[in-house]
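Undergrad: If you want the building blocks of each chain, they are given just below.
2 protein chains.
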Amino acid sequence: MGLPISEMLSTEGKWFGRLGDAADSILSTRVRLARNLKGMRFPGRALEEELSGVIHRVENAAVAIPELEGRPLVQMAGLPVLQRQFLLERHLISYDLASNAGHCGLIFAADESVSVMINEEDHLRIQSLRSGFHLDECFAAASRLDEQLESSLEYAFSDDFGYLTACPTNVGTGLRASVLVHLPALVLTRKIKKVLAGVSQVGLAVRGFYGEGTDVLGNFFQISNQITLGEKESQALLNLERVVRQLLDYESKARDMLLKDAGRQIRDKVMRALGVFSHAYLLSTEEAIGLASAIRLGLTLEMPGLPPVEMINEILLCSQPAHLQLMAEHEMSSEERNAARAELIRERLSHHAAA
Amino acid sequence: MGLPISEMLSTEGKWFGRLGDAADSILSTRVRLARNLKGMRFPGRALEEELSGVIHRVENAAVAIPELEGRPLVQMAGLPVLQRQFLLERHLISYDLASNAGHCGLIFAADESVSVMINEEDHLRIQSLRSGFHLDECFAAASRLDEQLESSLEYAFSDDFGYLTACPTNVGTGLRASVLVHLPALVLTRKIKKVLAGVSQVGLAVRGFYGEGTDVLGNFFQISNQITLGEKESQALLNLERVVRQLLDYESKARDMLLKDAGRQIRDKVMRALGVFSHAYLLSTEEAIGLASAIRLGLTLEMPGLPPVEMINEILLCSQPAHLQLMAEHEMSSEERNAARAELIRERLSHHAAA
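So the protein lines, in turn, are chains C and F. Going by numbering that gives the first Met the number 0, the first residue of the first sequence is number 0, and it counts up by one from there. Going by numbering that gives the first Met the number 0, the first residue of the second sequence is number 0, and it counts up by one from there.
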């Protein structure tokens with residue numbers, strides 16, 4: 000069965016429509032838990048019948064969970080490429096799931112704040128998303144879903160190691176918590192490399208805008224824990240929280256330095272970005288993210304005349320390729336998408352200017 | 000004596016405040032006549048007393064001319080560098096005169112449409128300027144001034160050669176007529192090189208924005224006659240007129256081609272230029288000219304939402320370095336000028352947007 004596209008295209012009531020803590024520097028917080036069913040081969044090794052069986056069992060378990068009640072399972076097999084890409088843009092599925100048309104699926108809450116991927120690398124990938132900086136809330140939501148599922152599913156668990164997973168890097172807690180941080184001032188002051196090297200040294204990973212294996216775009220960095228074995232969840236979250244707060248502190252100092260040494264240049268950079276953002280007739284995703292990054296920088300520096308951060312976030316979300324095509328209800332060439340993206344941005348910003 | 004700066008800073012009643020023929024493609028038309036006084040050494044060879052004598056004689060001759068009545072002679076010696084640069088930006092003096100602080104001077108009409116440089120390369124350089132494409136009017140105005148001056152001055156003239164001038168390239172008519180043409184579509188379609196090669200072949204010269212020896216900026220080209228010997232003034236003007244009309248025709252065809260093949264890209268380019276022009280906080284002269292060029296292109300393509308060509312022209316004029324500093328009444332660093340230029344442009348454009 001297909002996706003409830005028109006419901007999903009509205010931002011109303013969705014997690015990303017809310018503005019969380021530290022929203023000027025932190026786009027979102029994400030927690031995922033990797034789980035597998037006891038006595039079943041991991042997805043990479045399982046036969047088709049076994050995979051179908053897993054989907055069926057998870058689907059049945061989800062029925063009893065209030066947040067997922069009445070939410071139909073989305074089978075990846077048969078789902079049009081554009082809709083899979085749309086789910087990827089929403090951070091509801093991974094690249095792997097988007098490109099794998101086999102026996103895998105997705106169940107997600109109406110507000111998209113919690114979801115379960117089935118038969119990705121593990122049988123279950125439970126996920127929770129929040130706007131802004133909310134590690135504890137995110138973990139609590141994922142854990143609640145985890146416990147509710149566990150009430151009718153038996154997980155593969157070892158007393159020695161903890162949760163068993165397909166890849167040894169997830170064994171133990173199966174937890175990956177990540178925070179998407181915007182650090183433009185550290186990039187502009189050329190301190191980012193040193194700062195991120197420090198982040199890696201304390202056992203955290205740094206990735207690009209769309210997660211593992213993707214480029215850093217628009218000075219957005221995804222910071223996440225690496226260790227899952229021999230460290231409690233609370234310890235991992237505390238460590239990540241501490242490091243992200245440190246990053247915010249460095250970023251804030253870099254901003255002060257920028258304003259002091261190059262206030263004029265920064266203002267020019269920010270306002271040019273707004274000028275292009277609000278006037279262009281062709282905008283690639285990469286350029287749009289770069290311009291949005293400059294405008295967000297201006298917002299953190301409290302420059303007047305800029306659109307609010309919620310609008311920038313929503314624009315970044317809605318102007319992604321699959322979003323544009325599903326809104327237009329037809330496929331588009333790259334140039335057509337660039338034209339549609341620019342049009343959407345001009346229109347949203349003109350509402351702001353008029354208000 | 001200094002310049003009447005505040006009078007000059009107003010564009011009211013000035014030649015460049017009027018919009019001439021073919022104003023979308025032709026910025027201005029200029030005619031200059033090189034003349035020398037009989038029996039006097041050319042400026043490059045003359046003694047100081049002789050140069051003073053020339054100034055004195057021209058000044059006296061000008062008194063009787065209605066257009067120059069009550070207009071004091073501006074002595075270059077002692078004129079602050081900033082004011083000389085201001086006259087250069089107004090096209091009232093040449094680079095040579097701006098950098099030469101010796102015995103030379105300038106008399107110009109209140110509307111700046113006619114002027115006489117004294118002791119530049121020749122004793123007199125009579126000049127006439129018009130907005131748009133007006134070769135005949137320009138030549139008529141310069142000739143009228145020429146005749147009025149000749150009624151009390153005796154020119155160096157040979158029956159064989161015509162007017163005698165310091166440089167052999169001006170001997171004969173002493174005429175240089177030039178037209179500042181905007182050819183963005185020919186540049187974008189990469190046809191400009193071939194077209195300008197054709198212009199050179201018929202004995203015309205192509206120069207940059209500020210005349211001889213300057214760069215081509217913003218797709219503005221100065222087209223002028225080269226031949227002064229053995230060709231009548233009317234023939235030179237006709238030839239120039241014919242070639243410029245041809246250029247306009249080529250430009251118009253190139254525009255049609257652009258719109259047909261790359262309408263979206265052109266619209267994007269034009270509107271981005273407007274976005275940066277109206278939002279930047281730092282703008283160099285070169286960038287401002289380039290952005291103005293793109294907006295002018297949009298105007299010729301009749302794109303909506305653009306400021307009128309008069310406003311663009313006035314901005315280009317007023318945002319030149321000496322203009323900015325005289326308006327601010329203090330000297331500025333390059334960065335301060337870039338900030339003041341951007342501020343002036345934002346302010347003028349916001350009046351347009353509000354209107």
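Misleading hints may appear alongside valid ones.
[Unchecked claim] If you want a taste of the chain F side facing chain C, the calculated C-beta under 10 Å gives, among others:
hint, residue
1, 266
2, 267
3, 270
4, 271
5, 274
6, 277
7, 278
8, 280
9, 282
10, 331
11, 338
12, 341
13, 345
14, 346
15, 347
It should be emphasised that the hints constitute simulated quantities derived from the structure, not laboratory data. Just so it is clear, CB atoms sit at the ideal spot from N, CA and C, and this is done for glycine as well.
Undergrad: Run the structure past the numbered hints and jot down the numbers of the failing ones, going up.
TA: The structure breaks hints 10, 14 and 15; every other hint is satisfied.
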